[in-house]
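Asker: Sequence:
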Amino acid sequence: MDNFIFNMFGMLVLFMFLVIIGGGISQWVKNNNSPKETVKSRVVDKKSEVTYIQQEQNGMMTNTPQWSYYIVFEFENSDGKKVVKKMVVSGKEYKRICEGDCGDLTFQGTRYIGFEK
Numbered sequence: 218m219d220n221f222i223f224n225m226f227g228m229l230v231l232f233m234f235l236v237i238i239g240g241g242i243s244q245w246v247k248n249n250n251s252p253k254e255t256v257k258s259r260v261v262d263k264k265s266e267v268t269y270i271q272q273e274q275n276g277m278m279t280n281t282p283q284w285s286y287y288i289v290f291e292f293e294n295s296d297g298k299k300v301v302k303k304m305v306v307s308g309k310e311y312k313r314i315c316e317g318d319c320g321d322l323t324f325q326g327t328r329y330i331g332f333e334k
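Each residue of the sequence shown is one higher than the one before, counting from 218 in the numbering used here.
Just so you know, the hints here were simulated from the structure itself, not pulled from any lab data. Predicted, not measured: the structure shown is a model, and the values here were computed from it. Treat the hints with care, as some may be off.
Claimed, not checked - With a cut-off of at most 25 Å between alpha-carbon atoms, the simulated DSS-like pairs for lysine-lysine come out as follows:
1) Lys302 with Lys247
2) Lys334 with Lys299
3) Lys312 with Lys302
4) Lys257 with Lys302
5) Lys298 with Lys334
6) Lys257 with Lys312
7) Lys257 with Lys334
8) Lys334 with Lys302
Said to hold, decoys possible - Cβ pair distances, simulated, as ranges:
9) Lys302 with Met277: 55 to 61 Å
10) Lys334 with Val300: 18 to 24 Å
11) Glu291 with Pro252: 19 to 25 Å
12) Tyr287 with Phe232: 18 to 24 Å
13) Gln244 with Ile270: 20 to 26 Å
Ideal placement from N, C-alpha and C gives every residue a C-beta, glycine not left out.
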């Protein structure tokens, strides 16, 4: 019975791993097949998040911060409908772009390419 539970747990972990990897590959393919779009947009919000990764270094546990940066853009699509899009950006882009900035947003699917003021 213990072997069965151990094997089922291993299968569950493997299945979850494959689902996560499959989702990432699926999004990558979808982005690559999407057209590159450039639209007039306005920055409506900025957010940053920090998560801590625990690592062992020289026998001691350390917490290493990992930052994620997001910018929320607002623009009109080809039908004239307002679209709000949250994009993952680099720390450099996050510092360069301010809330309220207007300019040309370039993206491909969910992939941020650039923003020119």
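Asker: Does the structure keep Lys312 and Lys302 at a Cα separation of 25 Å or less?
Answerer: 19 Å, holds
Asker: Honestly, do Gln244 and Ile270 meet the 20 to 26 Å range at C-beta?
Answerer: With a Cβ separation near 23 Å, Gln244 and Ile270 satisfy 20 to 26 Å, so the hint holds.
Asker: CA of Lys257 to CA of Lys334, is that 25 Å or under?
Answerer: Satisfied, since the Cα-Cα distance of roughly 10 Å is no more than 25 Å.
Asker: Need the status of pair Lys257, Lys302: alpha-carbon distance at most 25 Å?
Answerer: It holds: about 13 Å lies between the C-alpha atoms, which stays within 25 Å.
Asker: Can the restraint linking Lys298 and Lys334 be considered satisfied, given a maximum Cα separation of 25 Å?
Answerer: 22 Å, holds
Asker: For the pair we were handed, Lys334 and Lys299, check the Cα-Cα distance against 25 Å.
Answerer: 20 Å, holds
Asker: Evaluate the given range 18 to 24 Å for the C-beta pair formed by Tyr287 and Phe232.
Answerer: Between Tyr287 and Phe232, where Cβ atoms are some 30 Å apart, the hint is violated.
Asker: Given the hinted pair Lys334 and Lys302, is their alpha-carbon gap at most 25 Å?
Answerer: Satisfied, since the Cα-Cα distance of roughly 17 Å is no more than 25 Å.
Asker: Does the hinted range 18 to 24 Å hold for Lys334 and Val300 at CB?
Answerer: 19 Å, holds
Asker: Between Lys302 and Met277, does the beta-carbon spacing fit 55 to 61 Å?
Answerer: 42 Å, violated
Asker: Please verify whether Lys302 and Lys247 have alpha carbons no more than 25 Å apart.
Answerer: 17 Å, holds
Asker: Check the hint pairing Lys257 with Lys312 against an upper bound of 25 Å on the C-alpha distance.
Answerer: 20 Å, holds
When held up to the earlier numbered hints, the structure conflicts with 9 and 12 and fits the remainder.
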